[in-house]
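Assemble chain B onto chain A, guided by the hints.
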Amino acid sequence: MSAVHAAPPRWRRGEGLRALLWLSPWIAGVSIFFVYPLLSTVYFSFHRYDMYTLEFIGLDNYRYLLKDARVGTSARNTLWLVLIMVPATVLFSLVLAQLVIRLKAGVGLLRTIFYLPSLVPMTAGTITFVFLLNPGTGPVNQVLAWFGAQGPDWFGDPAWSKPSLTMLSLWGCGQLMVIFMAALLDVPKHLYEAAAIDGAGPWRQFRSVTLPMIAPVLMFALVTNVIYALQYFSQAMVASRVASGETDSAGSSFSPGYPDESLLTLPQWLFHVGFRDYTMGYACVLALLLFGTSMIFTLILLRQFRRAEEVS
Amino acid sequence: MRFVPLAVVAALLGSTVLTACTAGKEAGPSLGAQPQPSGSASQALPAATIELWHGFSTDAEVKAFEDAIAGFNKKFPQITVKATKGVQDDQITQAIRGGKAPDVAASFTTDNVAQWCKSGAFQDLTPVIQQDGIDLTVLPAVARSYTAFDGKQCTLPLLADAYGLYYNKALMKGNEPPKTLSELTELTKKLTVRDADGDIKVAGFIPSVQYYENSPSHIGPMVGAKWYNDDGTSAIGSDPAWKQLLTWQKELIDWYGYDKLDKFRKSLGDEWSAEHPFYKGKVAMILDGEWRNAMLANDAKDLDYGTAPLPVADDKPDLYGSGFTAGTVIGVPKGAKNPQHAWELIKYLTTDTSSLVTLSNALRNVPTTKASMESPDLAKDANFKTFLDIFSHPKTSTLPASVNSVFNQEVFASFITKWEKGSVPDLDAGLKDVDKQINDKLKLSGG
Numbered sequence: 001m002s003a004v005h006a007a008p009p010r011w012r013r014g015e016g017l018r019a020l021l022w023l024s025p026w027i028a029g030v031s032i033f034f035v036y037p038l039l040s041t042v043y044f045s046f047h048r049y050d051m052y053t054l055e056f057i058g059l060d061n062y063r064y065l066l067k068d069a070r071v072g073t074s075a076r077n078t079l080w081l082v083l084i085m086v087p088a089t090v091l092f093s094l095v096l097a098q099l100v101i102r103l104k105a106g107v108g109l110l111r112t113i114f115y116l117p118s119l120v121p122m123t124a125g126t127i128t129f130v131f132l133l134n135p136g137t138g139p140v141n142q143v144l145a146w147f148g149a150q151g152p153d154w155f156g157d158p159a160w161s162k163p164s165l166t167m168l169s170l171w172g173c174g175q176l177m178v179i180f181m182a183a184l185l186d187v188p189k190h191l192y193e194a195a196a197i198d199g200a201g202p203w204r205q206f207r208s209v210t211l212p213m214i215a216p217v218l219m220f221a222l223v224t225n226v227i228y229a230l231q232y233f234s235q236a237m238v239a240s241r242v243a244s245g246e247t248d249s250a251g252s253s254f255s256p257g258y259p260d261e262s263l264l265t266l267p268q269w270l271f272h273v274g275f276r277d278y279t280m281g282y283a284c285v286l287a288l289l290l291f292g293t294s295m296i297f298t299l300i301l302l303r304q305f306r307r308a309e310e311v312s
Numbered sequence: 313m314r315f316v317p318l319a320v321v322a323a324l325l326g327s328t329v330l331t332a333c334t335a336g337k338e339a340g341p342s343l344g345a346q347p348q349p350s351g352s353a354s355q356a357l358p359a360a361t362i363e364l365w366h367g368f369s370t371d372a373e374v375k376a377f378e379d380a381i382a383g384f385n386k387k388f389p390q391i392t393v394k395a396t397k398g399v400q401d402d403q404i405t406q407a408i409r410g411g412k413a414p415d416v417a418a419s420f421t422t423d424n425v426a427q428w429c430k431s432g433a434f435q436d437l438t439p440v441i442q443q444d445g446i447d448l449t450v451l452p453a454v455a456r457s458y459t460a461f462d463g464k465q466c467t468l469p470l471l472a473d474a475y476g477l478y479y480n481k482a483l484m485k486g487n488e489p490p491k492t493l494s495e496l497t498e499l500t501k502k503l504t505v506r507d508a509d510g511d512i513k514v515a516g517f518i519p520s521v522q523y524y525e526n527s528p529s530h531i532g533p534m535v536g537a538k539w540y541n542d543d544g545t546s547a548i549g550s551d552p553a554w555k556q557l558l559t560w561q562k563e564l565i566d567w568y569g570y571d572k573l574d575k576f577r578k579s580l581g582d583e584w585s586a587e588h589p590f591y592k593g594k595v596a597m598i599l600d601g602e603w604r605n606a607m608l609a610n611d612a613k614d615l616d617y618g619t620a621p622l623p624v625a626d627d628k629p630d631l632y633g634s635g636f637t638a639g640t641v642i643g644v645p646k647g648a649k650n651p652q653h654a655w656e657l658i659k660y661l662t663t664d665t666s667s668l669v670t671l672s673n674a675l676r677n678v679p680t681t682k683a684s685m686e687s688p689d690l691a692k693d694a695n696f697k698t699f700l701d702i703f704s705h706p707k708t709s710t711l712p713a714s715v716n717s718v719f720n721q722e723v724f725a726s727f728i729t730k731w732e733k734g735s736v737p738d739l740d741a742g743l744k745d746v747d748k749q750i751n752d753k754l755k756l757s758g759g
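If you're matching them up, the sequences are chains A and B in order.
Quick note on numbering: my numbering labels position 102 of the first sequence as 102, and the sequence is numbered without any gaps.
Offset between the second sequence (1-based) and my numbering: plus 312.
Bound conformation, chain A alone:
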C-alpha cells in the first residue's frame, strides 16, 4: 500500500510537465476564447454596464428578464426555426443529395446549380429574396398572378415571414447537400445488394441501410444546424429591415423583427439590447440564456444519437 502513496518517480513528474507543455496551446486557447469570455459575461450580467461605466446591481438584470416581453417572443421565433427550419433544411438537402446521386446524366451540372446559392453572400441573398417576394413589385407574385393565384405578403405578413426565411434557407442548402452526397456515396454497395436479395424495397433499403450508415453525418448536420438556428441573426435582421422600409433618420428608429416582431430572434434581441440600447449587462444575461439553451439542445441531440447507436 505504501507504494501507492509514494511520490511519483522523477520520470513520471517529467511526463506530467511534458503533457502540460503539449496541452498548453489548448489551455491557452480555451482560457482566452472560452473561459475568459464566459466569465466576463457572468461578471457583467450582475452589473449595469453601458460600455463605459460599471455599477454592481445584483440580480436586477435577471429580474428584468422576466418582465421583458420580447424575450418570450424572440425565444418562440427561435424555437420555430429550430423545430421547422432545421428539419426542413436537413430533409431537403438529403432528398436533393439522393436525387442527384441517382441521376445518370447532368450530375455535375445539377450539383453546381444546387451548390452555387451557398456561395452567395448572406446579405445579398436575403435582399434578393425580399425583392423577389415583394408583394407589390416582386416577380414571384406577378408570376403567381398569371396563374390566377394571389401570392401572399411573404416578408410583410407575420404568418409568412418565417416560412419565407425557411425558403431562403432551402435555397442555400447546397453545402449540406454536398456533405450528404459524400456520405451517401460512402455507403457500401454490397449492403444494398444484400438488402435487395432479402426482398427490401427502396424505402426499406433507405430506412435499414442508408439511414444507419449516414447517421453520424445526419447527426452532424442536425447539431450544427440547430446551433446555427439558435444563433440565427443576419438573414432575419436584413429581411426585416429591407421589408419594413424603415430608416434611421433623425427621430426615426428601426423596430427589429418586422413584421410584428415575427422575425425577432434571440440573438437579434441580444444585439439590440447590447449595441443599440447599450444595456450590456442585460445583454450578457441574454447571452447566457442563449448559451444554456444551445448546450441543452446539443446535449439532447447527442444523447439521442448515442441511444440510437446503441439500439442499432
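One or more of the hints may lead you astray.
Each computed DSSO-like pair below joins lysine-lysine, with the alpha-carbon atoms no more than 30 Å apart [unchecked claim]: (1) A:Lys-67 - B:Lys-730; (2) A:Lys-67 - B:Lys-755; (3) B:Lys-733 - B:Lys-697; (4) A:Lys-67 - B:Lys-555; (5) B:Lys-375 - B:Lys-412; (6) B:Lys-733 - A:Lys-162; (7) B:Lys-502 - B:Lys-572; (8) B:Lys-513 - B:Lys-613; (9) B:Lys-697 - B:Lys-502; (10) A:Lys-67 - B:Lys-562; (11) B:Lys-613 - B:Lys-733; (12) B:Lys-562 - B:Lys-575; (13) A:Lys-67 - B:Lys-538; (14) A:Lys-162 - B:Lys-628; (15) B:Lys-491 - B:Lys-394; (16) B:Lys-730 - A:Lys-162; (17) A:Lys-162 - B:Lys-575.
It should be emphasised that the hints constitute simulated quantities derived from the structure, not laboratory data.
What follows is chain B alone, placed relative to chain A:
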C-alpha cells in the same frame, strides 16, 4: 492530471482579474482640464493632425463637408483634419470603448446623446464654451436641448432637420394645404382615388407610422404630445394628446381600410430612390424633412410641389407653424488625442456663419444659428423657407434626450403598429403598458 485543473484555475483567476479591469480604462487628455489658449491665442495652437469621423457618405455630402473643413484650414493652417466618412454611432462607441477614439465625431441621430453625456463618452464642452465666451442662445432652445443631457453640453448642433408637409400641387386641385387634423382628414378623403375593387390608386395622405418618415416622434408635434415627465419617466400614457392623435389616425386608417392601405403602402417605391411615390404622383401629401427639397431637385425636377407646416390638432391652433426637429450633432469623444484642436474645429463648424451657410446651401439642411439662418448668402426659396420657419418656431419640439431613446421609440412604434391593425382592444390600457415597459427599462439603465 493535477496540472490541468491548476492551469484552468489560474486561467479563471487571471480572466476574472482581466474582466474586472476591463471597464476602467483611462483615456487621453480632457477638454478644459487645464487653462487653454482662447480667442486669438488659440490660433497659436501647435501643429497637429486631428481625426474627424462623420456620417456623410454621398459624394456631394462629403465634398460639402470637405469645403467647410477647407475654411477651417485657412484659419488654422497648422491643423490638418483627416476626415473619415460614413461612420455610424456603433463604430464611434466601439472606438471610444477600445481607446481608439477620433478627436471629433459627428452623428446623424440624437438617439445616443444622453448615453454619451451620462457616461462621459463625449466630453462636456461647457468649460471651453464658457472659456471662449460662446453665447449658446444663438441656437434655438430646442437645438440646445437635443445636444445636452443632465446639464452636460457634450455635443453641439452641426446642421438640423425640420419636418413639415409636402404637397403635390397638381393633385391638390387648387386646395390649400390643411392646417388642422380635421382639414387633413377631409382633404385626404377628397384627394384619394380608388379603383373599382376599392384598391387605392392615389392616397391623399398616409397616416400609418409604418410609412417612411411618419415615426411617432415626427407626428407627435402635430398634437403637442409629450414623451417624458420631468423626472424622465414616460408620459405617453398620461398625456391625452397621444390618445387624441392615435384616435384621429385610426379613424383615417379605418376609412381607407387597413388591408387596402397596407397593400398600397407595400406597393410603393423606395423612400430613397427616384421611385418615391410622392415623385410619381401616388400620394398627394407627405410628412418629410427639409432634405427632401434637395432630392426633389435631383430626382423630380418637373414636379410642381409646395411645402407647409404640418396640420395640428383642431383645439391647439397655436401649434400651427411648429414641427419636429433634430439633427446632426458633433462633439469631442473621451480619449481624443488633441481635444483643444478638436474643439477649435467644432467651434468653427457649429458657430461660423460662413461655414454653416456653405454647408446648408450644399446639403440643403437647416443651419442652426440665428445668424446663419438670417444670412443673405443662405439660399432661401419658398419651399426651403418653410422649414427654416418651422425650425425657429418657439413651439417646435424634439425627442428629448433619454438614455433609452432607441428602446422607447421602438416600443411605442411597435404599439402603434398593433393599434393601426386593430389588435389593441383598449387604447388607454395599451398606452399605460407602453409607459410601464419604458419605465421598467429606465430603471434597469439607471435613468
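Here's how the hints hold up against the structure:
Proximity of A:Lys-67 to B:Lys-730 is assessed by CA-CA distance (about 20 Å); at most 30 Å being required, the pair is judged to hold. A threshold of 30 Å between alpha carbons decides the hint, and for A:Lys-67 with B:Lys-755 the separation of about 12 Å falls inside it, so the pair holds. The suggested pairing of B:Lys-733 with B:Lys-697 is violated, with an alpha-carbon distance near 37 Å, which exceeds 30 Å. Between the alpha carbons of A:Lys-67 and B:Lys-555 the distance comes to roughly 25 Å, so the proposed pair stays at or under 30 Å and holds.
The suggested pairing of B:Lys-375 with B:Lys-412 holds, with an alpha-carbon distance near 26 Å, which does not exceed 30 Å. Proposed proximity of B:Lys-733 and A:Lys-162 is supported: the alpha carbons are some 20 Å apart, at most 30 Å. Taking the CA atoms of B:Lys-502 and B:Lys-572, the gap is about 17 Å. The hint holds against a cut of 30 Å. Pair hint B:Lys-513 plus B:Lys-613 holds up; C-alpha atoms about 23 Å apart against a cutoff of 30 Å.
Distance check on the hinted pair: B:Lys-697 and B:Lys-502 sit about 28 Å apart at the alpha-carbon level, within 30 Å; holds. For the given pair, A:Lys-67 sits about 29 Å from B:Lys-562 by alpha-carbon distance, which is consistent with the 30 Å threshold. Using a Cα cut-off of 30 Å, the hinted pair B:Lys-613 and B:Lys-733 is violated, with the two alpha carbons roughly 36 Å apart. Among the hinted pairs, B:Lys-562 with B:Lys-575 is consistent with the structure: their alpha-carbon atoms are about 17 Å apart, no more than 30 Å.
Pair hint A:Lys-67 plus B:Lys-538 holds up; C-alpha atoms about 25 Å apart against a cutoff of 30 Å. Under the criterion of a C-alpha separation no larger than 30 Å, the hint pairing A:Lys-162 with B:Lys-628 is inconsistent with the structure, at around 45 Å. In summary, the hint linking B:Lys-491 to B:Lys-394 is not supported, as the alpha carbons are separated by about 47 Å, beyond the 30 Å threshold. Taken as a hint, the B:Lys-730 and A:Lys-162 pair is honoured in the structure, with Cα atoms around 19 Å apart against an allowance of 30 Å.
Simply put, A:Lys-162 and B:Lys-575 have alpha-carbon atoms about 20 Å apart, close enough for the 30 Å limit, and the pair holds.
Taken one by one, the earlier hints fail for this structure at numbers 3, 11, 14 and 15, listed in ascending order.
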